[in-house]
Each structure stands twice: as structure tokens, then as C-alpha cells.
Amino acid sequence: MFNTNRQKIMDRTDILNQEWKTRRIQPVHIMTSVGSLRGTREVIPLKTLNAVASVPVMYSWSPLQQNFMVEDETVLHNIPYMGDEILDQDGTFIEELIKNYDGKVHGDRECGFINDEIFVELVSALSQYSDNEDDEEEEEHDFKVEKMELCEGKEHPEDPPALISLSVCLSVCLSVRYKELTEQQLPGALPPECTPNIDGPNARSVQREQSLHSFHTLFCRRCFKYDCFLHPFHATPNTYKRKNLENQVDTKPCGLDCYMYLVQVSQRSFIHSFIKYHSSVNCCSPSSVSVFTIFTSIKQMGGKNSSFVRGNSRCQTPVKMKLTGEAEAVEWSGAEASLFRVLIGTYYDNFCAIARLIGTKTCRQVYEFRVKESSIIARAPAEDEDTPPRKKKRKHRLWATHCRKIQLKKDGSSNHVYNYQPCDHPRQPCDSSCPCVTAQNFCEKFCQCSSECQNRFPGCRCKAQCNTKQCPCYLAVRECDPDLCLTCGAADHWDSKNVSCKNCSIQRGAKKHLLLAPSDVAGWGIFIKEPVQKNEFISEYCGEIISQDEADRRGKVYDKYMCSFLFNLNNDFVVDATRKGNKIRFANHSVNPNCYAKVMMVNGDHRIGIFAKRAIQTGEELFFDYR
Amino acid sequence: MSGASCKANGAVYPASSAMMNSVKKPKMEQIQADHELFLQAFEKPTQIYRFLRTRNLIAPVFLHRTLTFMSHRNGRTNAKRKTFKVDDMLQTVERMKGEVNLPLFIPSQNSENEQNSVSLEVLLVKVCHKKRKDVSCPIKQVPTGKKQVPLNPDSNQTKPGSHPSLLVSSNEFEPSNSHMVKSYSLLFRVSRTGRRDTNGLVNGEANENIDVTDTPSRKKRSSSHRDEGETTETFVAQMTVFDKNRRLQLLDGEYEVSMQGMEDSPVSKKRATWETILDGKRLPPFETFSQGPTLQFMLRWTGDASGKSTAPVAKPLATRNSESSSPMETRTSNHRAALMTVKESVSTDIQTRKEQVLCEPRQKLRIFYQFLYNNNTRQQTEARDDLHCPWCTLNCSKLYSLLKHLKLSHSRFIFNYVPHPKGARIDVSINECYDGSYVGNPQDIHSQPGFAFSRNGPVKRTAVTHILVCRPKRTKPSLSEFLESEDGELEQQRTYVSGHNRLYFHSDSCMPLRPQEMEEDSEDERDPEWLREKTATQLDEFTDVNEGEKEVMKLWNLHVMKYGFIADNQMNQAIMLFAENTGAHIIRRNLCRNFLLHLVSMHDFNLVSTATIDRAMARLRQIQEELPDIEEEQQDQTVVSAGFLELEN
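Chains as they are written, first to last, in full-length UniProt numbering: chain G, 1 to 627; chain A, 1 to 649.
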């Protein structure tokens, strides 16, 4: 087949070429003949390769789907290279740049050439030789010290007495330092302020706050993560109020050995009037008063101590008597005691539950332990009487006023948008002194103020798609809060992308598939895979969140490069997609763009959403107006 | 759409290589330098277009006749499409079988009008071998039939099935008993009388029939004038079916035969000229077509190959066609023009015929190509008398088509049309903005050659948008569109294509995105590797957090990052999922209490209920029971430390 085809082509070309010869046209070469090494002529077809265009320059970056907050850089990490010309011609630029960082450039070591690691390494290396001769070690130390001095330039080597005295003093310091450093390397060793591992062998009996300290301080209530990337300051949960007291005491004993029998027996035998009360409590008002409170009140009112109670119970129920005797003998490990203290702060007097969670103690034992520890444990907080259950009508009114307020805010809008920080001013309403109010932000669910706070955003009650100004969330340039907007669907269908609410795309990361290719305009460009409708969410513009000052400093370098990924987020922060970002960072600028950017308040964070300005077709390049 | 016809379209016409040669003028050196400049400017693009031309001849990428502005090159008509019915296909097939002979097409209604029809007699002329006694070759004439055919039929009234047809039995081509037949030819005899002959045909029983559909398309005015007279005029034409070597000369196709008046000259083989659309023989004057009456007919060999027929095979077609291009080249331009005229007359499309009429007066116009170069400071002029593209010798036959062709196919140049008293002037300059970038499937550049045809199984190919059909709003053809625009406004040509017509790259590695990678977004993970590592190292850096806490925190962070929880009311669910997914790991790593602390902490933040804590811990216990081996394994390690394990055992 191939050969016949080729023969055909050859014939045709021959005919053509013959014809052209008469017409003085250059003949066409279809085949090129190549003389092979063996001298035979071989003919190979001419294959024309397409020129492959080189791709534009791309500096490396890390992918990210959520913003990442970074601290200001106090030292210049690198001196940017922008070609030899810049360095030669425009030296002032680099100088100015260094001046921005107070002359600090990364790599300038404070103590010269040696750091802790090298020091430890050196000493341990030397100690191999110094087993026999201590003097030598000393000398070695001296030598090292000398070196350090040299580099620090404090002392002249020509000054022997001073050097020796200094070296002695220094060697002491160094040996202390060495010890510190090596001890730190031992596994499992912890600084004294750290609570030992509760699951570890060294678990100590500590207070509740201590046990939970790390969890409380590192947990970010907004990201649900420990030591999150976005919020440097985390509120501790201390002042968070329980909305409802869910700690209901189990009304039924958990088993034969349940502490409840103990309590009940003691109660029955002594104060009959309280039995009634107790049962009524148990049956009728389950949420209010716990058994233990009753019990303690019994104790207090009867003027009896616990031993008295126990003694009586012993007489009447011999089996339990035996149990109580055992209970006293039980030893509580540090971990168990800590755990108990943690749980008592959550479960209060639900000893059965506590025992179940501890797992190694029975509820009776827990109960006994509770009695022993009664002095240090707080009571279950009484129900908040000052917060009567809200009426629907009131709530509705509240909502209406808010909508008005939003409108007002919109009208008198200043261009200044400030970052949101949860407010925390105990026992003070959110008035003009509240940081949220002054920053013209709403109080969010993360604020420590009461849920009744006037400055709280009430969320929407839409049943539609929340993509018009009818939706208060949309109007306030906020995404619907899944914990506030319960009717629009923002809180439903977590797994699927088909949410009825169209105003929760950023938080859900419902971005479109984007494709990277060399742009039709400049450098790289980003292209959309599927067509989108007008106003549809395309992607979030993610990057590092840096302060305005940091942005100024970085911007100087970027301006020089003529390539900037900075995006103003609010008055306090800037998003910089240079080092970390997502693909939308490749979208180019256009004065007639097909996308627009909108900074939205998304669950307490300002985030940049890129939306379609018009219907966009498959494979179109995306642009938005940078200005 | 056959290969043969496209060859005819792209037939090599005389190229004007003279264009390249500078005009000889006295000052030799100056001329030399000028010529250098000229070559510098035009040599390369011209060579490229020469090459492309050849390539297009050998392996055409598209056919010129399919272009709108070249529609007059398209001899085929789509008129049948409107009346096409699927049932017709059956008919066609049956006809081809030859079993069902279609004796007669019903004569078109025009035939009833005496004025508009002529009678046609077809005779099969057998020229036999001379026997010794014969002076001349004995000739046998076998009448095959007589038909009324419409005269100058209106093309839209002629329906495919309405032509009269004649069948010639293949028996006639069998060697006759008495004489060895040397050659067969068909003699057409048209008599201009009102007489109608309804004689039936002798239908051949053999498989092979010649089915002739005759349609004298038009008689020129001269002949119609003569018709005024009462005398019966007879026109004849003869065509060879088998030549002396028993080679088939008449193949399937549409023919137009120029007829000779009987009185003018006796029928002779030499005078009978025939022309096929495909075959361009070096022919006697074509003027006959424009002068004398012509007969259009369609010839079809029917019958299947099972017959004992010997002569007509497909072979001759191929060989002759392959040779056909070269003889055509030798023709002069005048003949070519005539050829085109004939072709156009064959087509029944009214539209083209009208255009044809419009075109005819322009036949003689001269076109001056003015080459501008050296920053448009110098110029050279070449004149041509025809409407052939100087680069690819394509006969555009109309000035508009020529200009459009130049503009679209030779975009390395800029062509500006300037009206000229003698014809047209076309200013040619180099297009500095020529974009020769590759516009095909971007994958083809990067994918390995032959990858798509790998033998290891099917290979996914990229989705690339190609335009198959594009129907933009067409403006009426007007020469003014080639005039030089004064304000230099560029045509706002928006790309018609919307779709993926570029090569995409991975955003992390800048590697080309392969077709099979198109669907998944490789960079869309919520928890990229580096971020997972980062959260671990960041927690590790804390000195005042113990290792148990760190481990639970890391596990939880990864869990949250993986699922991307965003709402408080997801937390209960998240905790349960956490217990489910990492429960076994937590037990193995002996982190149960830290896990509980984490839950309590979450509860302190008012994110989970105590019920969730209970449920999560219960689930953990359950998982623990399902892992008995590990428990025992760990017993040794934990016997000192973990109290609850002791107790449970």
C-alpha cells in the first residue's frame, strides 16, 4: 500500500518536475536521498517537524486552595536577580531594598560561623579524643573560643591573660550550653512548662486547664484546625457560653454497681422529704438540677458528712458496703485523675458517663473520687435565668432592623474595609467600643458576645438562590453562613456541588476547572474548561495573606520584575499569589474583561472571588480588571 | 468528489514563471541590484507557495471547487438532494444489477411540444476488418433506437428520471459471425422535425447494456434560426466505443457532443469530436462547442461483472486519468477558457450559468500585477491575460474569485485591487504581519509520532475543536472588498472557534497536558502534599506541646484539610468520621486519652455535643475490640503506663 502510494506520488512529481523544467520552475523534492555508510543509496521520506514554541517563563510557586497567612519578613531573604544590567546599572535599587529591611539580609549570622548544631557536633566529635586527656579538651575548647572571638572581633589574640580568663569563663558557659543542647535531644524530655503526654508513662495528675491547655490555645475555632494557617490569634474557649445545658444526668443506673444505688439508699434511709424532691427532679425537670447537687445539699442540710452516709449505707446494704470498702483502696493514676478533672468540667455529675469515658474506673469509683475532690471542682453552672428563651417575633424584628442596617451601611459606604477579628469584651455589650463595631464589621459566630448581640449578622432566610440583592447576605457582600442561613440550602448537601444556594461557592471551593496555556496576550494565561454563565463563580484568588507594609516591601521587587500577583484584600491585608496561589493567578489583566473580582466576607474571612462578568465559552481565556 | 475530478481542478496550467524574471532594461547593474531586492522580497514566499501547490496537487487538503467563491468550478449539482428519497437508492441498486432493465425513461413533457423536441436516432456503427476483397472496411450500422429529446430544456424542469433513455444490448458488442469487428462507435443522428417516434427499444437480455440518456442541452442561435425553415435538418456525431484494439473509449459519464450538420460535411470519424469533463485530450478546436449544436447525454454501463464481457474494465480509466494532467498543460489559454465554458454549460445550476454570462465579457481582461517591495518604494509590473493565480496556476475564471483566492490562500502577501481601464491592477506587497503559526491540533506537535496509532490498545485523544461547518454572514461578492482600505482598519475578525484549540500545560511542572489528563484537575486538591507536611512540621515546632497531643492534632488537621469542613454544624459528623477513619491508628498509637481530650476541647468550643463524645468514644472502643492482635502486641509496652488496658484484659 505504502509503496504503491509512494510510487504514485513519485510519478506525479516526475511529471510535474518535467513540466516545470520547461517552465523554469524549481523542481520539487519529495524524497531526499541519503548516502548511507555502506555506500548504497537509501531514500527516506522527508518529514517536516513543526516548530515547537517555547513556553513562557514561570517562577515556581506552591499550589493552594485557601489563603495562607504569613508573618512580615524582617530580613531580606534574597537579593532578587533581575539580570546583570540591573545589578550593574541600578545598584541603588538593591540598596534601597536592603534599607527597607533595616539592612538585614538572610544569612548574616549573629555569631559568625558557628551555630548550635555545629557546636554540638563539634563537641561530640572532640569528646571522642578527650576521654584520656582533659587538658586537651580544654585546649580544644580554647581553640574554639579563640575562633569565636576572632569572628566576633571582641578580643585580640595578642592579649593572652585576658584571653585565658575569658576562655575559662566562656568554657564554663559553653559546657552548660552543651549540656542544655544535648539534654534537649533526649527523646521524651519536655520543658517543664509542658504537660506530659496523658497517654504516656509519665502522665501526671494535673488540673483540667493544664490538660487541655494545648488543645485550647492551638485550636482555631474558625478553621477547626490546630495552629491553622490563616488566623494567628485564637480565642480560648473559656468565655464561650454553653447555649443549652445538655448535661443531663442519666436517669437510669448504668448497672448493678452504679453509684446511684448508693446515693439512693442513703437518701432513702435518711431524708424522706428529699426523696420526693429527688424523684421529681429526675422525672420532671431533667435539665435542671443534677443528682449530685441534691446529694450535696442533702449533706449540707442534714449536717452529716459523707462518712456518716457511708456508714449508714453499710448497715442496710451489705453488698454495697463491700464495694465502698474496695473503692477506697483503688488507686488513681495521674492520667486517670487528670482525665477525671477534664471530664468533670464537661459532664459535671454524670458519673456514669465519666466512668465510661475513663474506661478504667467504675462510676462508683468516680463518685468516690468526686467526693474526695469536691473542694476543687466547680459546680454545674445554674441555668442562665437572665436569658429567657427568645421569642420568634422578637427575632423577626431583630432581623428586620438588621436588614435596614445593612442598607444603611451600604449607602454610607466608605471604601475602607477592615479585617474582621472576633471581639472579646466580657460583660459589655457590643457598643461603640467593640472592635467589630468600629471596624464596621458584623459580629460573627466567633465573637465572644452573646448570640443576641445587636451587631450580629442574622443570616438570610431565603428560599431562593441568594444571587440577588433580595438576599441580605448577597447585599452585604457576604457568603451565606451555613450556621446562620438555614433555609437557603447553604447548610445542606455537603457532599454534592448541587446546592440550591448560589452564594456559598467560595467556602465550598466550588471552583471551575481551569487550564493553563500560553496566553494570547502575554505570558501565561488561564483558560476555562467548561462554559459558564454570567455571574457564576469561577475560582477564588488564593495566596499568601500579608500585611500592607509587607506588601509595600514586596511590591517594590515585583514592580521591578514588572510582574505582580498582589491583590488588595482589605485595609489591613493583601493577598500575594507570588509564592503560593492557585491557577487563577495566571489570569491576565484586561480593560474589557470577562471576569470580575469581588472581595466577600466568607465566614469571618475576607476572600476574593473571581466571577464571570458575562457568559464565557469553552476554552476562553479569563481576564479581569486588575485596577 | 472523486480523485479524478480534483485532479482536473488542480490540473497543471501553464505557470507564468516570467513573473520572476525582471524586465530587461539597459542599465545592467542597477537592474541587477533591483532584481536582488525583488528576489529578496518575493522569492521565499513564492517558493513556499510553489511547494504548497504541488503538495496540494498530490495530496489535496481541500478542493478548490468546494469554496464558495469558487463555486463555478463545481460541476456537480446538488439539485438532486432536494428530491432525494431513500427509496431511490433501491432503484439505483436495482438498476445497477442489470436484471431490471429500465427500458425507457418517460419522455419529459417538453417532448410533446413539437417546437421543443427533436428526434434522436442512435446507431451502433461496427467497422469490421477488411476482407481481401473489400476496398474499404465494411461498416455495419445497427440502429438501436430513436427517441424524442427536448431541445434546449429548462434546467430546473429536467428531473433526473425524466430523460429519455436508450439501451444498447451488449450482444451487439459480441463478435459477429460474418465479420471480425474492428471497432464500435455510436452514431448520433438528430433530425430536427416534429415527428415523434415511439418505437420501443430492443432490450438486451444480456447483462451489459448501455443506458443512454440524451439531452441536447442547447442549440445555439445559429441552429435555431435555421430551424425556422421547413426543411428537416440532420446533425450527426459519432463516438468510438471500442477502438481498434478493443479498448473501451467511452466510460460512464456525462458527455456533450458537438454535432455537425449533415449537409455541411459528411460524417467522418475525424470530424466527430468528443470531450469528457475529465479527459483533456489535445483536441481540435473547441470553438465548435460555441458554434454548433451540442448534444448532452449521460452514458452508463450497467450490469454486473459476472457477465462474460471482456473489454470494459476499470483499468483504462485509471491509466488515462493519471496521464490526463500533462496533455492539458500544453494547451493555450484560449482553449482553457473554452473548456471552462463547456464545463459550466454542463452544470445545470442556474446560478452558475448566470454568473457565467456575467463573466463572459471579462474574458479578455488584462491583469497587471504590480509588485511593491523595498518598503514599497519600488515596483515591478507583470501583466497577464488570464485569471489564473500566478502562484498556483489555479484557474479562478473570475476576477472576484481570483482576488479572493489570492487573499485567502497567499496570505504572505497583501493584495490590493485597483480598477484599471484595461482590466485590473493588483498591488502585491509582502505581508509583514503574516502569522504562520501552527493552528492544527496542538497535541500533534508534542505527542510522539504515531502515538495515536499505538498497537497497545486504544489511546485517548485530546478534545480539540475544529470547525467542520461554518456559515458566517456572507456579504455579496463585490470587488470593492479588495480595494485598499484608507484608514487601514483591520478586519475585526473574531475567532469563530470556541473550544479547546490549544495545548494546555500542567501548572506545576509546565509539562504539556496529555489527552488522558484533561479531565481531572491535578491541582485542585484541598490538601496538597506540601501543605500536609507543613501543618505537621508547624506543630512539631512547638516545644510546650507533648507528643501525644501533637499526634492527635496532626491527625485531626489532616482530617479537616481532607474533607474541608466549613460549618459548625458539620463538626459532630466530622468527629464521627474522624473516629471511623483514624480510630485504628489512634488505638495502635495509644492515643485514646488524647483523642478524648481533643473531643472535650471541641466541646468546650461549643462545637460538639456530649452525645457525640460518647458516640465517638464508643466507636473507638468498638474498633479496639475488633483489633485484638494489636492490643496484645501492645500490652507489653503499655502495661506499665496505660491503666485501662490492664483492666480490660
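Hints were generated in silico from the structure; no laboratory data involved. Among the hints, a few may not be true.
List time: in silico EDC-like cross-link candidates among lysine to aspartate or glutamate, alpha-carbon distance up to 20 Å [said to hold, decoys possible]: (1) K99/G to D495/G; (2) K529/G to E533/A; (3) K529/G to E529/A; (4) K422/A to E432/A; (5) K529/G to D508/A; (6) K534/A to E517/A; (7) K463/G to E536/G; (8) K554/A to D521/A; (9) K598/G to D559/G; (10) K407/A to E432/A; (11) K529/G to D521/A; (12) K99/G to E73/G; (13) K562/A to D431/G; (14) K562/A to D521/A; (15) K534/A to D495/G; (16) K560/G to E95/G; (17) K179/G to E209/G; (18) K529/G to E121/A; (19) K529/G to E517/A; (20) K562/A to E525/A; (21) K562/A to D625/G; (22) K534/A to E95/G; (23) K556/G to E209/G; (24) K560/G to D14/G; (25) K445/G to D431/G; (26) K99/G to D72/G; (27) K534/A to E621/G.
Hint check:
1. K99/G to D495/G: Between K99/G and D495/G the Cα gap is close to 51 Å, so the pair fails against 20 Å, i.e. violated.
2. K529/G to E533/A: At roughly 30 Å apart (the allowed maximum being 20 Å), E533/A and K529/G break the hint.
3. K529/G to E529/A: 25 Å, violated
4. K422/A to E432/A: 30 Å, violated
5. K529/G to D508/A: Answer holds: K529/G to D508/A is near 18 Å, not above 20 Å.
6. K534/A to E517/A: 27 Å, violated
7. K463/G to E536/G: Holds: K463/G and E536/G sit about 19 Å apart, inside 20 Å.
8. K554/A to D521/A: 26 Å, violated
9. K598/G to D559/G: 24 Å, violated
10. K407/A to E432/A: 14 Å, holds
11. K529/G to D521/A: Judged against 20 Å, a Cα distance of about 10 Å means the pair holds.
12. K99/G to E73/G: Answer holds: K99/G to E73/G is near 13 Å, not above 20 Å.
13. K562/A to D431/G: Distance of about 39 Å is beyond 20 Å: violated.
14. K562/A to D521/A: This hinted pair holds, its Cα atoms lying about 16 Å apart.
15. K534/A to D495/G: 26 Å, violated
16. K560/G to E95/G: 14 Å, holds
17. K179/G to E209/G: 32 Å, violated
18. K529/G to E121/A: Violated, because 69 Å separates the two Cα atoms, which is more than 20 Å.
19. K529/G to E517/A: Holds, at about 13 Å.
20. K562/A to E525/A: 8 Å, holds
21. K562/A to D625/G: Since the Cα atoms of K562/A and D625/G sit roughly 33 Å apart, the hinted pair is violated (cutoff 20 Å).
22. K534/A to E95/G: Since the Cα atoms of K534/A and E95/G sit roughly 33 Å apart, the hinted pair is violated (cutoff 20 Å).
23. K556/G to E209/G: 47 Å, violated
24. K560/G to D14/G: 61 Å, violated
25. K445/G to D431/G: 17 Å, holds
26. K99/G to D72/G: With Cα atoms ~15 Å apart, K99/G and D72/G stay inside 20 Å; holds.
27. K534/A to E621/G: 33 Å, violated
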